[in-house]
Structure formats: C-alpha cells, structure tokens
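**Q** Sequence:
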Amino acid sequence: MKMASVTSDERGAVDRLLSDIAERLQADGATLAGIVKDHSHDSRFANGCDAKVRVLPEGPVIQITQDLGAGSDACRLDPGAIAHAVATVEAAAFENADLFILNKFGPEEAAGRGFCNAIAAALEHGIPVLVGVGSASKPAFDSFAGGLATALAPQPDAILAWYRKGTR
Numbered sequence: 001m002k003m004a005s006v007t008s009d010e011r012g013a014v015d016r017l018l019s020d021i022a023e024r025l026q027a028d029g030a031t032l033a034g035i036v037k038d039h040s041h042d043s044r045f046a047n048g049c050d051a052k053v054r055v056l057p058e059g060p061v062i063q064i065t066q067d068l069g070a071g072s073d074a075c076r077l078d079p080g081a082i083a084h085a086v087a088t089v090e091a092a093a094f095e096n097a098d099l100f101i102l103n104k105f106g107p108e109e110a111a112g113r114g115f116c117n118a119i120a121a122a123l124e125h126g127i128p129v130l131v132g133v134g135s136a137s138k139p140a141f142d143s144f145a146g147g148l149a150t151a152l153a154p155q156p157d158a159i160l161a162w163y164r165k166g167t168r
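Straight run, no breaks: the sequence shown in the numbering used here ends on number 168.
Since the hints were derived computationally from the structure, they do not count as laboratory data.
Accuracy of the hints is not assured; some may be wrong.
[Claimed, not checked] 25 Å max Cα-Cα, derived DMTMM-like pairs, lysine to aspartate or glutamate:
#1 138 to 108
#2 52 to 9
#3 138 to 58
[Said to hold, decoys possible] Label-pair ranges, simulated between beta-carbon atoms:
#4 125 to 60: 29 to 35 Å
#5 80 to 112: 27 to 33 Å
#6 1 to 66: 23 to 29 Å
Positions of the beta carbon are idealized from the N, C-alpha and C atoms, including for glycine.
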C-alpha cells in the first residue's frame with residue numbers, strides 16, 4: 001500500500017498544487033484517477049468558496065458548491081453534487097491508473113463517506129493514492145490511514161519524488 005498526504009496552512013495551496021501535479025503527470029503520460037479542483041474559473045464569492053472539481057483523467061467538471069445568496073457564511077458544499085462526483089469517480093475504470101488523487105479529505109471522508117471507498121478500491125488495486133488534507137481533517141485522515149500514509153511537504157519536487165519512487 002502506497003499512500004501520501006499533503007497539508008498546507010495556506011488557503012487553496014494544496015488544491016493548486018495537486019491540480020498542477022495532475023497536469024504535469026498527465027503531460028508525462030501518466031494515467032490518473034480521482035479528482036482535483038478545477039481552476040479554470042474565477043469564484044463569484046469573496047471567500048473563494050465557489051468550487052468546481054475535475055474528474056480525472058479527462059473530466060467531467062462538476063460544480064460542488066451551491067449559491068446560498070449574498071451574505072451567507074454557511075457551508076456552500078452541495079451534498080448532491082459531492083455524491084455525483086463520488087459516483088462518477090467510482091464508476092470510472094481506474095484499475096490501470098498510475099496514481100489516484102483526491103484533492104481534499106474533508107468532512108464527508110472524516111465521517112467514513114465521500115471518497116473513502118474509492119481510496120480503498122485504488123489501494124486494493126495497488127494504485128498509489130495522493131490525498132490533500134486540510135488541517136481540520138488531519139486527525140481524521142491519520143485515523144483513516146492507520147499510520148500508513150507518508151506526509152509530504154507541499155512542494156512539487158517532494159510529491160514527484162514520492163510518486164516516482166516505486167511506482168509501477
């Protein structure tokens with residue numbers, strides 16, 4: 001089992017980093033599975049909470065937040081859209097992927113839902129898993145991973161070195 005996590009205190013840094021890593025690896029011919037944040041649009045909200053994700057390797061792009069109106073500070077994540085993204089990833093034939101990427105191990109995964117089954121399926125197929133983990137979800141991720149995940153520095157060179165070391 002090969003699994004790694006990346007954490008940063010800088011808002012949005014891991015999302016950008018994992019999206020860039022996915023682009024670089026795909027340009028190098030790697031076959032990817034999972035999901036990364038789509039950065040091809042500008043958020044309509046001052047807090048940047050207007051998110052779209054791209055299912056790897058080639059889409060679709062799914063809007064995972066909902067418009068709660070001006071002034072709302074509630075969580076904008078759309079549970080139905082998250083479920084759709086999970087189902088889309090799980091329906092993909094990713095058994096031959098070189099790497100599974102999950103942009104964020106968040107509250108759904110911390111509760112044992114979300115992308116947990118997809119992570120397990122990737123690991124069962126011997127596919128390395130790279131996960132972005134926010135500071136608030138770090139204890140839940142560490143429990144989920146059972147101490148078997150490598151914590152990587154939020155730097156492209158560190159991630160690429162981990163990926164290249166022992167990939168099939």
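**Q** Hint by hint, say whether it matches the structure.
**A** Okay, the hints, checked on the actual structure:
Proposed proximity of residue 138 and residue 108 is supported: the alpha carbons are some 13 Å apart, at most 25 Å. A threshold of 25 Å between alpha carbons decides the hint, and for residue 52 with residue 9 the separation of about 21 Å falls inside it, so the pair holds. For the hint linking residue 138 to residue 58, the alpha-carbon distance of about 29 Å lies beyond 25 Å, and the restraint is violated. For residue 125 and residue 60, the hinted distance range of 29 to 35 Å is not satisfied, since their beta carbons lie about 23 Å from each other.
In this structure the hint that residue 80 and residue 112 lie 27 to 33 Å apart at CB is violated, the actual value being about 19 Å. Distance hint check: the CB atoms of residue 1 and residue 66 are about 35 Å apart, inconsistent with the given range 23 to 29 Å.
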